[in-house]
Structures are given as structure tokens and as C-alpha cells.
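Visitor: Here's the letter readout for the chains.
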Amino acid sequence: DAGVTQSPTHLIKTRGQQVTLRCSPKSGHDTVSWYQQALGQGPQFIFQYYEEEERQRGNFPDRFSGHQFPNYSSELNVNALLLGDSALYLCASSLTDRGRTEKLFFGSGTQLSVL
Amino acid sequence: LAKTTQPISMDSYEGQEVNITCSHNNIATNDYITWYQQFPSQGPRFIIQGYKTKVTNEVASLFIPADRKSSTLSLPRVSLSDTAVYYCLANAGNMLTFGGGTRLMVKP
Numbered sequence: 019d020a021g022v023t024q025s026p027t028h029l030i031k032t033r034g035q036q037v038t039l040r041c042s043p044k045s046g047h048d049t050v051s052w053y054q055q056a057l058g059q060g061p062q063f064i065f066q067y068y069e070e071e072e073r074q075r076g077n078f079p080d081r082f083s084g085h086q087f088p089n090y091s092s093e094l095n096v097n098a099l100l101l102g103d104s105a106l107y108l109c110a111s112s113l114t115d116r117g118r119t120e121k122l123f124f125g126s127g128t129q130l131s132v133l
Numbered sequence: 159l160a161k162t163t164q165p166i167s168m169d170s171y172e173g174q175e176v177n178i179t180c181s182h183n184n185i186a187t188n189d190y191i192t193w194y195q196q197f198p199s200q201g202p203r204f205i206i207q208g209y210k211t212k213v214t215n216e217v218a219s220l221f222i223p224a225d226r227k228s229s230t231l232s233l234p235r236v237s238l239s240d241t242a243v244y245y246c247l248a249n250a251g252n253m254l255t256f257g258g259g260t261r262l263m264v265k266p
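Which chain is which? The protein sequence lines are U and G, in order.
Mapped onto our numbering, the consecutive letters of the first sequence carry residue numbers 19 to 133.
Mapped onto our numbering, the consecutive letters of the second sequence carry residue numbers 159 to 266.
One chain only, chain U, in its complex shape (with noise of 0.2 Å):
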């Protein structure tokens, strides 16, 4: 039974460019859920998706979109890349039950550099 898998594990970007990151949920799961976290710092949540939609958002700008598919994997786009973009980007999955999260699992993430 596979965990989380994100994609890729590392990404080199200039300032001003779009960035792609994916994740596979845990077999099971329904909801996905992204975090950054620079160095040093805990998790920031980003959003979180369920049933395709966007259920919560986190204090990000516009330039951070995602999306989720019908298979229940997720995507993280960030536009126009600034320096403090870089960070590592975690997806989380999980079940929904009764409008509650249950516990998070989590991938190993995507390390994004912005030059």
C-alpha cells in the first residue's frame, strides 16, 4: 500500500517563472491538503481540497492555485515565482468523515528553489 508520493522531489526555478508540483494520495484518502514550510519554520497550510473543490484556504496569494482530480490526486501551481517561494511543499492526505479531518499522512515533499 503506497503512502503519499509527491513529484519531484527537487525543483530549481528563476524568479518570475510557473511551477507544477503533484501528489498521490494515500489509497483510500479523499481529501489533500498543501503545506510550505521554509527552513527553520513550521508547516503553513496552503489549502485544502475534497471532492474537487477547494474546502479551506490559508493566508496565500492568488498566484497559489491547485486542483483535484476524479482519482483524488492533487496539484500545487504557483505563478510568477518570487525568491520567497522557496521552500519545501508538503501534501498531506487524508479522510473526511463527518466534516472532521482525520490524521494527516504526509509525503516526503517537494523542495523548490527560486533564483
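What the hints contain is simulated information worked out from the structure, not anything from laboratory work.
All of these numbers come straight from a predicted model, not from anything done at the bench.
For glycine and all other residues, C-beta sits at the position ideal for the given N, C-alpha and C.
Any given hint might turn out to be false.
Counterexamples of contact, computed for chain G against chain U with all Cβ distances above 10 Å [unchecked claim]:
{"#": "1", "residue": "Ser170"}
{"#": "2", "residue": "Asn183"}
{"#": "3", "residue": "Thr192"}
{"#": "4", "residue": "Ser199"}
{"#": "5", "residue": "Gln200"}
{"#": "6", "residue": "Thr214"}
{"#": "7", "residue": "Glu216"}
{"#": "8", "residue": "Ser219"}
{"#": "9", "residue": "Lys227"}
{"#": "10", "residue": "Pro234"}
{"#": "11", "residue": "Met263"}
Here are the simulated DSSO-like cross-link-like pairs (lysine-lysine), alpha carbons at most 30 Å apart as the crow flies [stated by the list, open to error]:
{"#": "12", "chain 1": "G", "residue 1": "Lys210", "chain 2": "G", "residue 2": "Lys161"}
{"#": "13", "chain 1": "G", "residue 1": "Lys212", "chain 2": "U", "residue 2": "Lys121"}
{"#": "14", "chain 1": "G", "residue 1": "Lys227", "chain 2": "U", "residue 2": "Lys121"}
{"#": "15", "chain 1": "G", "residue 1": "Lys265", "chain 2": "G", "residue 2": "Lys212"}
{"#": "16", "chain 1": "G", "residue 1": "Lys161", "chain 2": "U", "residue 2": "Lys121"}
{"#": "17", "chain 1": "U", "residue 1": "Lys44", "chain 2": "G", "residue 2": "Lys161"}
{"#": "18", "chain 1": "U", "residue 1": "Lys121", "chain 2": "G", "residue 2": "Lys210"}
Since chain U is already given, all that's left is putting chain G on it; use the hints.
Guide: Frame of chain U, contents of chain G only:
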């Protein structure tokens, strides 16, 4: 503004019990409080989850008072391999909010 706060760091010795408390105001009344462990270059790993009172599993206990404004993770008899960053997570202000993390250093 919803916020979760934890101590920045803690030191302990092998075999001791460690308690880490997280304060979380304005959290959802119907959602869980969860604790995670993170090692360098890895994603956070689930430790324990609870809604109220006390929950215990094979690695930790979680204490949540009736007002749910805080929670305490208890690690019994820590070992060197428990050196990591520990995060609480709560649904605060309709966002899944991590605390800033507590860096636990276990010494021999």
C-alpha cells in the same frame, strides 16, 4: 485571529517523561487536535489525535481539557531517537493550523 503556540525548544534526558503543551484559541468545536513528529528532510509523521479528555496509544498520551484551549503531548521514557521537532495541529479559524513546533533534544 486563530493561533497555535508552543515552546520553541525543550531538553530532556533518556528515560524521562516529556510533556509538551500547545495553546490553541478559537479552534473548531467539532474537529480533532493532532500531534506530529518531524525529522530533518522528512514530512511530519502522525503521533496521536484526540477530541477531548485523554487519549493514549503505544507511543504517547494526549491530554485535552474541557475548554479545548490547550493540549499536552506526553512522551513516556524518551530515547535519543525521539530527538525531533514536535508540532500540534488544530482546525483554527477554518484553517488547519500548525504550531511553530517544539524542538526536543534528548541527551544521553
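Visitor: Look at each hint and say if it fits the structure.
Guide: To see whether the hints hold, each was checked on the structure:
1. Ser170: holds (21 Å)
2. Asn183: holds (16 Å)
3. Thr192: violated (6 Å)
4. Ser199: violated (8 Å)
5. Gln200: The assertion about Gln200(G) is violated, with a minimum of 6 Å to chain U.
6. Thr214: holds (16 Å)
7. Glu216: holds (15 Å)
8. Ser219: holds (16 Å)
9. Lys227: Check passes; 19 Å lies beyond 10 Å.
10. Pro234: Holds: least Cβ distance 21 Å, greater than 10 Å.
11. Met263: holds (15 Å)
12. Lys210(G) x Lys161(G): holds (19 Å)
13. Lys212(G) x Lys121(U): Measuring from Cα to Cα gives roughly 17 Å; hence the hint holds.
14. Lys227(G) x Lys121(U): The hint holds at about 20 Å.
15. Lys265(G) x Lys212(G): holds (28 Å)
16. Lys161(G) x Lys121(U): holds (20 Å)
17. Lys44(U) x Lys161(G): holds (29 Å)
18. Lys121(U) x Lys210(G): holds (15 Å)
Consistency with the previously given hints fails for numbers 3, 4, 5, ordered from lowest to highest.
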